[in-house]
Amino acid sequence: MWGWASGVSTYGEVVNRSGLWAALLLIPTTAVTPLRLLFSQGRWLTWLIERRGDLGVAAFFYAGVHATAYAAGKGDLGLIIAEAKQSWLLAGWAALLIFLAFAATVDDAAVVLLRRCWRWLHHVGHASAALAFVHRALKRWHRVVYVGAALVVVHWALSAFDPLTLQVQTALQAYGYYSGPIDGIIGSQSKDALARFQHDHQLPVTGTITPEVLDAVGIVPN
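Note that the UniProt record's numbering numbers the sequence shown so that position 106 is 106, with each residue one more than the last.
Read the hints as simulated data drawn from the structure, not as lab findings. Treat the numbers as computed from the prediction; the structure is a model and nothing was measured. Just so you know, not all the hints are guaranteed correct.
Below, computed lysine-lysine pairings styled on BS3-like, alpha-carbon distance capped at 30 angstroms [what the hints assert, rightly or not]: (1) LYS74 with LYS139; (2) LYS191 with LYS139; (3) LYS85 with LYS74.
Pairwise CB distance ranges, derived in the manner of DEER restraints [unchecked claim]: (4) ARG43 with GLY176: 21 to 31 angstroms; (5) ALA82 with SER188: 20 to 30 angstroms; (6) THR210 with SER179: 18 to 28 angstroms; (7) GLY53 with ILE219: 54 to 64 angstroms; (8) HIS201 with SER87: 45 to 55 angstroms; (9) GLY218 with CYS117: 26 to 36 angstroms.
Backbone N, C-alpha and C define an ideal beta-carbon position, used for all residues, glycine too.
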């Protein structure tokens, strides 16, 4: 924005570069779940998990600059609304709105206030990544392969999500056995927490969710 205001960068450069950086930062932010499925552990993965929030905030910042620069360049609300009917722009605005809800609920207070809705909202955050890639791909139709790749990642992430596992992770966290992400996916941290819980409660140690574990934490499966 400063580059544009000072005349160093053109309007198009500011819009394109900020959008590109938002997309590049959004990739590792939303890729954590599928990466955890592929690689259950590793220092680089731990580093990425710990900094996912920071990367998400940075991505949102660039997305905000991208949208602000676009709107400022148009300078006419009526024109912005009229152009928003185009599919690639509609996808971009939808991605930004979802991302806004995602970014507004990253603090601990939001976790307590929203409870289960918070987890659902942050899983829906994957849709903002898909829409962001649709936004870029539809503008440049020959890159439509990005759309397919984004949808595959989102489908993979959402299909791996298990509501029952989410409840067990929450219960194990309350009991002090689990300190990993509440994401509904059985990873190495969840397996270790389950094994320790089973051992301490004299249950068969399997490192998996068993009927005995559900009974011990008071969860009735649907």
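Against the structure, test the hints numbered earlier, and report the numbers of the ones violated in rising order.
2, 5, 7 and 9
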